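Take a look at the letters that make up each chain.
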Amino acid sequence: MRAYRRLCNYATAAVKQETQYQIPTAARTEKKNPVDHDSHDLSKFYTIDPKTVSNIFQMGGMPKPFTEQTNMFAETALMIRKPALEIINSLKSTDFQKPAVRYLLYGQTGSGKSLSLAHILHYAYISKFILYHIPYVPIWLKYDRKEVNWSSSKNGLADIPLIAAQWLKHFLHQNGALLNELNLTTSQDYVWSQRETTPKGTTLNELVTHGINRAKYACDCMDILLNELKAHCTNNKCKMLVAIDGFNAFFNEKTDLKTEDRVKVTPQQITMVQTGLSAVLSDWNNGAIVMVTSPRAALNTKRESHLPIYLIGRQGFEHIDPFIPVMVPELSTVEFNNMLDYYEEKRWLQKSGGRKELEFLTSKLPADLMARCAPL
Amino acid sequence: MSALQTTLRRTTAVLMPIGYQPSRVWCSTRATDGKFRVLDLKKKAFVPQAKKKYNKTITLPPRALSMPVDQDWTNVWPGPRTFHPATVPLALRQGYDQKRASPGKYGNAELMKIPNFLHLTPPAVKKHCSALKQFCTEWPKGLETDEDCDRHFPMTTITTDYCHSSPTIKDPKSRIVTIKIKLSTLNLDKHARDKMIRLVGDRYDEESDMLIIVTDRCPTRKQNYDYGVYVLTALYHESNNFEEWERQKQEADMEHYIWENNPSKKAYVTLTRWPEKVSDDDVKSHSIDDDMVGQKYKEAVTELLNNGEDTYTLNKYREAVLAVLLPQTEQA
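Protein chains in written order, with my numbering: chain G, 1 to 376; chain Z, 377 to 708.
Just so you know, the hints here were simulated from the structure itself, not pulled from any lab data.
Rough simulated footprint, nothing fancy, chain G against chain Z, three-plus residues with beta-carbon under 8 Å:
| no. | region |
| --- | --- |
| 1 | 626-640 |
| 2 | 647-658 |
| 3 | 670-680 |
| 4 | 683-692 |
So the derived list for chain G, only partly shown, Cβ under 7 Å to chain Z, looks like this:
| no. | residue |
| --- | --- |
| 5 | Ser90 |
| 6 | Pro99 |
| 7 | Leu307 |
| 8 | Ile309 |
| 9 | Glu318 |
| 10 | Asp321 |
| 11 | Pro322 |
| 12 | Ile324 |
| 13 | Pro325 |
All of these numbers come straight from a predicted model, not from anything done at the bench. Think of the CB as a built atom: it goes at the ideal place given N, C-alpha and C, for glycine as much as any other residue.
Generate coordinates for the entire structure from the input sequences, incorporating the hints supplied.
Laid out in structure tokens, this is it:
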């Protein structure tokens, strides 16, 4: 039989498999701690362990398509890219006695700004910064299905109590453990109503919990929390990272929101927006501020350019000046190939080749690439 | 029978003039032919008409074929004229037919539709100029270059004469007068220049520094010219006036971004003096004359806001801010 096969020139099964297409593996780094990342790890992937992911990003912070992808791949792998690494390196070497330095990530839609912010957040979380993290501002201001009331404490401003309570939950989820450890307390009495007061010396955890339970005061609680944190940072008791994604939505012309008496409110009329704007003022030290401007967060009439001053306007520029603009570019060739290797490794992309075409079709924008590879 | 016939024939012969042959006759044949005669009761005789011969029109071969190579083209095509295939010795093709091929020049309407400049060949222009030269005067001395002309004659007046064959030789468009002047030749100070630009609105072109006044409201050219010059004079003197209300100029009314008047300076002073609090007077009195970093930062902000943002200005701003905020990374 064997002789017959040889005669017929049958290729044996083993040889056939060897010549078959080899699934490439993506370049990864073993360093799971973003503190250790350096320029040698550029354009490599690192995985965040699921527990940390749920601690930081459970209630937002990563783009939805990416979260779906991480569920599919059963791991959260981020590519280490230059903009995030640059900010992390400056955070390492910053003199924290100086006022908080402002960074502004900008770039085209789908170039990876939010995931760069995620990388920075991971670093800050590991380095025990308190995260004052607003996952995506337009979520607050879009979709008129929200309860909007005129604020009782600040004249002329409007509250979105339920959204504020949700955000406080997000804050507590991210920082609850750290706040317990640091044992930060309030510096003065806060009187909410005749019956409800928060006396001096209450832990911030309790303050936030009160805000969550009494949604009516959630917006005020956000503001007070920010002021307390700023004071604690200035007194060297803790470090804080303010991270705001979709920052330019603060300077949009209008929102979808209406109060109960059907008055349209602008972003500047919302207490939470004012709190957010106060957070990016660098009148405190021991921390840093990272903002992300995105054309998608702007109104759809104002998306022609991704450059920051076009998006935040002169007013916005004057509010955050001086800031360090950090451009998030499209993928470099090495990054692009590594990204496709990763997709092939995960069988997200089931065909090799055609990389030039993919490069042309997606302009090397990672979010486009992910969507484009889905049916391939 | 035979006698009767003879009589009849004789009668007809008498009645009809000689040479006349009737188309309808009782009998087409003569009795003497010896052929069998046919009685035509319907009195019809079919005489087929002779086919007309088609005479081809004789035309001369296209003129282009017999043209000498060294002919004077300006004599062949002296003035503007619709394209003529036989006169133009070029293998031109234009348009397309049903099979998308472009047909040749003969019988090609497309070539006739488009305007041609066959009368404006360089030799034709040269010839034209040399003919006109006898009417020209000598070029004045001292006006050799364009810069000289601009210096001695800063104002340009543009009018148009129209010449066409119609019952009237007057064209209403000839009354329009355009006056052009470079704003830098007007000897204006900073305030006057800014005021002038605001007064003239979109009549000022920033790129070429040109002020262009077009007047067409009066019926004659002379009146329009006088009016234009009057407007220019009035503008000049009005720009040099300083009105009391001009003191109320706000930051939003500024023609340029001036760093010292803006929150950017306050932010910078607050940063450099951290952690002490700064008042508005401190900001005003703070000088950055011997502060290189501050000067660089001021320059970058001014350029960013005055010239608009692009990769270059943003990078410059970034470098300047890095020097201000993170001097240690800058060194590394």
